[in-house]
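Trainee: Chains as they are written, first to last, in the working numbering: chain A, 1 to 339; chain B, 340 to 608.
Since the hints were made in silico from the structure, they are not lab data.
Note that the coordinates shown come from a computational prediction; the quantities given were computed from them, not determined experimentally.
C-beta atoms are modelled at their ideal positions from N, C-alpha and C, and glycine is treated no differently.
Please note that the accuracy of each hint is not assured.
Label-pair ranges, simulated between beta-carbon atoms [said to hold, decoys possible]:
(1) A:309 / B:459: 36 to 42 Å
(2) A:151 / B:468: 38 to 44 Å
(3) A:111 / B:362: 31 to 37 Å
(4) A:320 / B:426: 33 to 39 Å
To be clear about the criterion: a stretch of chain A counts as covered by chain B if any three or more of its residues have a C-beta under 8 Å from a C-beta of chain B, and this derived list gives those stretches [what the hints assert, rightly or not]:
(5) 191-200
(6) 204-211
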Amino acid sequence: MKRLLGYSNLITLLILSVVMAILPLVLPNNYQVSVMIFVALFTILTIGLSLLMGYAGQISLGHAVFYGMGGYLTGILATRWSLPPILAMFLAAAITGGIAYFVAIPILRLRGNYLAMATLGLNVIFTLFLTQQTDWTGGPNGLGSIPKLSLGGWVVKTDVQMYYVAWFITLVILALSLNIVNSRFGRALRSIHSSQIAAEMLGVDAAHYKVAVFSLGAVYASIAGSLYVFWIGLISPSVVSINLSVELVVMVAIGGLASVWGAIFGAAAVTLLTEVLRNVLPQLLSGASGEQEIIAFGLILMIVMIFLPEGLTTGSLLRYRRWRADRQALKELGVAPHA
Amino acid sequence: MPETILKAESLKKEFGGVLAVYNVSFDVARGEIFAIIGPNGAGKTTLFNLITGVYALDDGTLFFDGKSLEHTAPYERAARGLARTFQNLQLFTNMTVLENVLVGRHTKSRAGLVGAALRLPAMRREERLVHEQAMLCLEKVGLARRANQLVGYLSFGQQRLVEIARAMATEPKLLLLDEPGAGLQRKDIDNLDNLIRQLRESGMTVVLVEHNMELVMGIADRVMVLDYGIKIADGTPLQVQQDERVIAAYLGAEVFTAVPAGANDVEAK
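Bound-form chain A, shown alone (with noise of 0.2 Å):
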């Protein structure tokens, strides 16, 4: 085992395949299996854009678009074409994959605030073909009576079934993304964030890897919206939107920017946080409901962000280790360190 994956990250993915594995069971109701089912999927797809956006250095606040590419390709393909659901959702995940790598190929070419208008327009884009496109998406409606995904005789049918899919696969997907940092593959995007022009000098083909792992992110967003699908049975344009993608984007920034293991705590906090918001919100204020909870949240983000800009996970980490570094400097140096 320890050869397939670091040890310390081998160890901290043991303990979270178990802690995941004993939740449902200590779970009170079916409503709180739901909502972490839902951090399963957000924790697929921050995994993805925190590739892009922590350790390839490209914004994208279009990632929504390739959930919901994922999600609408699954049940066409599944109810359409009668393909049996595991077919649809990895057929699915190569077309998304494939259509994000010719887009990703001129969108990448962009750079900083033109790159996230960029991918901002692939959103609205996306959105409006959804809702006009009638004939294959179900226009405003949706696509509705897609099938429940089936292994074999086996078809996950209950909540809880189907959060052990989920949670499987997104810890399988939390597995080989860290094994992709820790590589040649993952050096190269870092080189990319932070010198573009000495990894080139370097022979590091800055566009591949940019192009790559955009592809990469969308490959796992399909996968996450083919689960949602199978899940809840129908997806309409709603999903894809622009709300959507920003809400990534702060997941990706809450759990720290370049952390793989930041992007499940990321996807948690925001997705529980948005729970607990708005049951406790219409407590406090009297009158308040669904649209309030997004000013106390972000308020939230924003006190993250001024005193921990590098995200909840990276930037504890660099603060404990900034401590650490003084008081050893402060030994080596022959001052008693104070408490």
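Please arrange chain B on chain A, whose structure you already have, making use of the hints.
Mentor: Frame of chain A, contents of chain B only:
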């Protein structure tokens, strides 16, 4: 006549009407240490950017290792054996010292996305190998001990060495050093001097832009002098030091008095 590794013919680069490099031609022989000097703004770094492909040439041709560099992207030039360091350090500050050098092994390794994700045996073997090779480069510059520190924790002089180690890791045929001595202390300059000589002995060709005349005149086989983007002289260090146009460009001879007269006669052959 030794073999030419880099041949530049009438290079020209213009920035909005300002001629940064104009009609510059030179040859670098395989295995030599070739220095480019000149006052600030003479076009030395621009010349490096033209050779490495950061800027496109407005006119002229470049031949490296017998082949034209036309339509060759910077990363392809790296794969063909061209490496450089930067005047303003361009280290990967989000990585450790070792990781910086590991990126230097990029062109000499293969592992792709699938191999990395699944940690296939071939990928793990390669990863072990590149780690060893990168450590070897760090040992050569004397930084093996700092391998796992973030590069930002190192002193300025050590950071310069990391850049050199990173460039060495690509196993270049030609190494371009852009002011490697800038901001270094006396002791570090001496180390740098030794390091560059070692690189040459290992078969590398070194092209060097440098302001420290003592270093340049002591180490270079040949020197080219630029002023306002134009080549005003080239030859052995001794020849260049006695060139009237060079002396005029530097506003007097005191720049060169750091080297005792005749010290370079031996190297000038």
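Trainee: Enumerate the violated hints, using their earlier numbering and listing them in ascending order.
Mentor: none
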